[in-house]
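Protein chains: 2
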Amino acid sequence: MDDIYRYIDDHLSDSLAELQELCRLPTVSAQGQAIQETAEHVAGRLRSLGFESQVLGKEGAQTGGRPAGHPVVYAYQRGASARTLMFYDHYDVQPPEPLDLWSSPPFQPTLREDKLYGRGVCDNKGNIAARLAAIRAWKEARGQLPCSIKFCIEGDEEIGSPHMEEFVEEHRELLAADACIWEGGGVTWEGRPQVTLGVKGLLYVELEAKTINRDAHSSWGTTLPNAAWRLVWALSTVKGPDERVLIDGFYDAVRPATPEERAAVGAMPSEEGETLKTYGISDFLCGVRGLDFRLRHLFEPTATIDGVISGYTGPGPKTVLPARATAKMDFRLVPDQDPDDILAKLKRHLAGRGFGDIEVRTMGEERPARTPVTDPFVAVVGDAVQAVYGREPVVVPSMAGTGPLYPFVKTLGLPTADCGIGYPDARIHAPDENIRVGDFLLGTKAVAALLGRFAQSS
Amino acid sequence: MDDIYRYIDDHLSDSLAELQELCRLPTVSAQGQAIQETAEHVAGRLRSLGFESQVLGKEGAQTGGRPAGHPVVYAYQRGASARTLMFYDHYDVQPPEPLDLWSSPPFQPTLREDKLYGRGVCDNKGNIAARLAAIRAWKEARGQLPCSIKFCIEGDEEIGSPHMEEFVEEHRELLAADACIWEGGGVTWEGRPQVTLGVKGLLYVELEAKTINRDAHSSWGTTLPNAAWRLVWALSTVKGPDERVLIDGFYDAVRPATPEERAAVGAMPSEEGETLKTYGISDFLCGVRGLDFRLRHLFEPTATIDGVISGYTGPGPKTVLPARATAKMDFRLVPDQDPDDILAKLKRHLAGRGFGDIEVRTMGEERPARTPVTDPFVAVVGDAVQAVYGREPVVVPSMAGTGPLYPFVKTLGLPTADCGIGYPDARIHAPDENIRVGDFLLGTKAVAALLGRFAQSS
Chain D
12 MDDIYRYIDD HLSDSLAELQ ELCRLPTVSA QGQAIQETAE HVAGRLRSLG
62 FESQVLGKEG AQTGGRPAGH PVVYAYQRGA SARTLMFYDH YDVQPPEPLD
112 LWSSPPFQPT LREDKLYGRG VCDNKGNIAA RLAAIRAWKE ARGQLPCSIK
162 FCIEGDEEIG SPHMEEFVEE HRELLAADAC IWEGGGVTWE GRPQVTLGVK
212 GLLYVELEAK TINRDAHSSW GTTLPNAAWR LVWALSTVKG PDERVLIDGF
262 YDAVRPATPE ERAAVGAMPS EEGETLKTYG ISDFLCGVRG LDFRLRHLFE
312 PTATIDGVIS GYTGPGPKTV LPARATAKMD FRLVPDQDPD DILAKLKRHL
362 AGRGFGDIEV RTMGEERPAR TPVTDPFVAV VGDAVQAVYG REPVVVPSMA
412 GTGPLYPFVK TLGLPTADCG IGYPDARIHA PDENIRVGDF LLGTKAVAAL
462 LGRFAQSS
Chain L
12 MDDIYRYIDD HLSDSLAELQ ELCRLPTVSA QGQAIQETAE HVAGRLRSLG
62 FESQVLGKEG AQTGGRPAGH PVVYAYQRGA SARTLMFYDH YDVQPPEPLD
112 LWSSPPFQPT LREDKLYGRG VCDNKGNIAA RLAAIRAWKE ARGQLPCSIK
162 FCIEGDEEIG SPHMEEFVEE HRELLAADAC IWEGGGVTWE GRPQVTLGVK
212 GLLYVELEAK TINRDAHSSW GTTLPNAAWR LVWALSTVKG PDERVLIDGF
262 YDAVRPATPE ERAAVGAMPS EEGETLKTYG ISDFLCGVRG LDFRLRHLFE
312 PTATIDGVIS GYTGPGPKTV LPARATAKMD FRLVPDQDPD DILAKLKRHL
362 AGRGFGDIEV RTMGEERPAR TPVTDPFVAV VGDAVQAVYG REPVVVPSMA
412 GTGPLYPFVK TLGLPTADCG IGYPDARIHA PDENIRVGDF LLGTKAVAAL
462 LGRFAQSS
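Order-wise, the sequence lines are chains D and L.
Here my numbering = 1-based position in the first sequence + 11.
Here my numbering = 1-based position in the second sequence + 11.
If we strip away everything but chain D, and leave its shape as in the complex, we get (with noise of 0.2 angstroms):
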């Protein structure tokens, strides 16, 4: 692999430039910015390096009678072996938003010492940059690819991806592959690095409560319906405060971690501390530490009130009593629950405890999934950013947070894992996000070394 390395150190300032001038598309998906441009940009580099590729679904289209959601980047390339290795990205970022947090402009990628700053230098342009610099490598060092390369690239993914089931179910043969490499990915605090195998689901209703037609005086107390205290209630009754979900049958389906998934969970290193100092706190809920925590962490699902709001906020006193009350609220859901099973269960449940008049409005729904820590595919990544990082991986059986993973997993039967360029302090999703150029680096090589290793691998 040594003429592959070198061919990616050499041209390192190539490759970052390229992710440079990717990072100044502002692909913001929940602006609808720069969303056919950035994915026509996207599809002509794959076709620069010998890639068919297609922007499928463009803006306006319709499936089933539905917009499609923004175009969907699809490639393919065929290579020395059998074997298929699909890439699964997102060409779409956060919005940059507050701007006067950042250091230099978010849609201006600036190199300051070891980093490089910019929405979307790490989540998701800077791991498709690090992908393509490790294919043309190997075009360059060896004439061609290891393996068959199929790349998935979505522009939802910042938005909740609400059209990527259907769009799997409907592409299913085009997207046919031996296992999927997930978007992102990267080494720990201390540098080791990260294989994570899935994904939480989730759930996310708004809540609300009318009683009156209009605001009253609050000296109506007495007798007539206050929508803040109806939602008070209803939200009480769905978790208390030993953290236990109320709602009936709510944990009906979690299927318990397997005693591989214990032992990789064991093995993953404490980051409780710096948790703990990040957010100012010296316990985390229930008291939970080692162990304990991650499989907390990672194995339980949640219910979170994300957002509350009724009657008078502003400043000072103000007696009114509030007609109509809001809540948003987002359920993780781990497997095998289903949000849509979640969601009935909700509503049965408010029924069933006297809010029936609690109005749910169903905001987002993604489907949980995991790859098992004992699938091979695990090991030929393990061993591939092993050899790179000349660490020992840590494989995480599942984030905490949500991804479109579940039709890769299920309805492509693929194995899962991520291999990225990210660290802990990348900051995505918020101002100054950023990568070292370290990592960027080791990133790339790691997806040299695991074509080679998947193409060999059965």
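It cannot be assumed that every hint is accurate.
Where chains are identical, the list cannot tell them apart; a pair therefore holds if satisfied intra-copy or between any two copies.
To be verified - Simulated pairs of lysine-lysine, BS3-like, Cα-Cα distance not exceeding 25 angstroms:
| hint | residue 1 | residue 2 |
| --- | --- | --- |
| 1 | LYS221 | LYS329 |
| 2 | LYS358 | LYS329 |
| 3 | LYS329 | LYS356 |
| 4 | LYS221 | LYS288 |
| 5 | LYS161 | LYS150 |
| 6 | LYS356 | LYS421 |
| 7 | LYS356 | LYS221 |
| 8 | LYS421 | LYS161 |
| 9 | LYS126 | LYS288 |
| 10 | LYS221 | LYS358 |
Please keep in mind that the hints were generated in silico from the structure rather than gathered at the bench.
With the hints as your guide, set chain L onto chain D.
Only chain L this time, still in chain D's reference frame:
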């Protein structure tokens, strides 16, 4: 009294013009507008009617190291009998917002058909004007007042009269009198005059939960404490869906309605149908109707959430775990509940239920007070309004709302009652505040009748 009533009829347009002049001053106490100017204007009008008048506590004055609040207009005029009647009023008004819902500008009082529209035309400048018109009629028709009269007209009523208790305490001798006419009053939907004898007290607090030092990604719902949950759980322990306040000892000092008060409430007309229709509901809390409804509304204390806010409350979903949550609450108190005592009990309650982390900030306190329905002054007022309106008055032992009655009843020892120009659709505190000219005329005559009867009472 015919000479006096005739004078009032003949000078109606002058009286309305004076009211309009007063209402052109935008005396919004919450915004500190036109305060001194209005106080001087009112004092000047009183002097022109033969009162000795002072503006006490100019703006910027200090009392015991604290700002003394907006000035109080005090006035005195000796009359024929030894009896002294005090009028408590306020020259400040509520903010006029939302402006776009006014049919004419709030500070350009406008006559349309039989109504005068403008901020303060009813609450409380209209009552001041009616009282001055009655006094002028006595002076012009008879040369002197039948009894001595004092005015105590404050400028902080619409922001909760934070200084009235202290002011009365400090001016006990200046304010000595035999009885007090309260600021409001008027007629029912059926046109019966209404005489109200008491007010509820108030404790207004802001509760704040703070957990982590910044908002977190909601995937941390597993292990990081969520301020919105803390606040929801804490609030849900304060009152349950059966509407019973759960703070230990909350009801201890509640003075039950006397048989005479119950009888008075029993004789009140039912306005439940109008209230249900106004708020678009089919039932009151706890299903109360008839006497139970009125007793609950007038004699029971409340715990009301006036507002609550935490986390993300904009459009669409955002997965965030809030670091901070606040709620505003008011407790309407009845005799002999004490706001300080209820505050201490609330804090003990929260600490005792495991919510000692919730900060409680006081934003307002007023004590409840009632004049007994059996007080002879009530009969004098009832007799006067019956003579003018030709209908039996409705005696209301207490309003459901709050006002600074306590120091007048307790510190000065005065019986109190109201006698005013309002009607149920006067829209006080709301856009299109208005009075009916006929009510202004009757309310003026009722005050005139009262002065004569009060002079001869004992």
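Now the hints, each set against the structure:
For the homomeric pair LYS221 and LYS329, the shortest alpha-carbon distances inside one copy (20 angstroms) and between copies (22 angstroms) are both at most 25 angstroms. For the homomeric pair LYS358 and LYS329, the shortest alpha-carbon distance between copies (21 angstroms) is at most 25 angstroms, but the shortest distance inside one copy (33 angstroms) is not. Proximity of LYS329 and LYS356 under a CA criterion of 25 angstroms is satisfied inter-copy only: 22 angstroms between copies versus 37 angstroms inside one chain copy. Taking the shortest alpha-carbon separations for LYS221 and LYS288, only the inter-copy value of 16 angstroms comes in at or below 25 angstroms, while the best intra-copy value is 40 angstroms.
When the C-alpha separation of LYS161 and LYS150 is checked against a cutoff of 25 angstroms, the pair qualifies only within one copy, where the shortest distance is 15 angstroms, while the shortest distance between copies is 99 angstroms. In this assembly of identical chains, the alpha carbons of LYS356 and LYS421 lie at most 25 angstroms apart only when taken from the same copy (24 angstroms versus 56 angstroms across copies). Within a single copy, LYS356 and LYS221 get their C-alpha atoms as close as 21 angstroms, which meets the 25 angstroms cut-off; across copies the closest is 31 angstroms, which misses it. With identical chains, the CA atoms of LYS421 and LYS161 are at most 25 angstroms apart within one copy only, with a shortest distance of 18 angstroms there and 84 angstroms across copies.
When the C-alpha separation of LYS126 and LYS288 is checked against a cutoff of 25 angstroms, the pair qualifies only within one copy, where the shortest distance is 24 angstroms, while the shortest distance between copies is 65 angstroms. In this assembly of identical chains, LYS221 and LYS358 lie within 25 angstroms of each other by CA distance solely inside one copy; the values are 16 angstroms within and 30 angstroms between copies.
When held up to the earlier numbered hints, the structure conflicts with none and fits them all.
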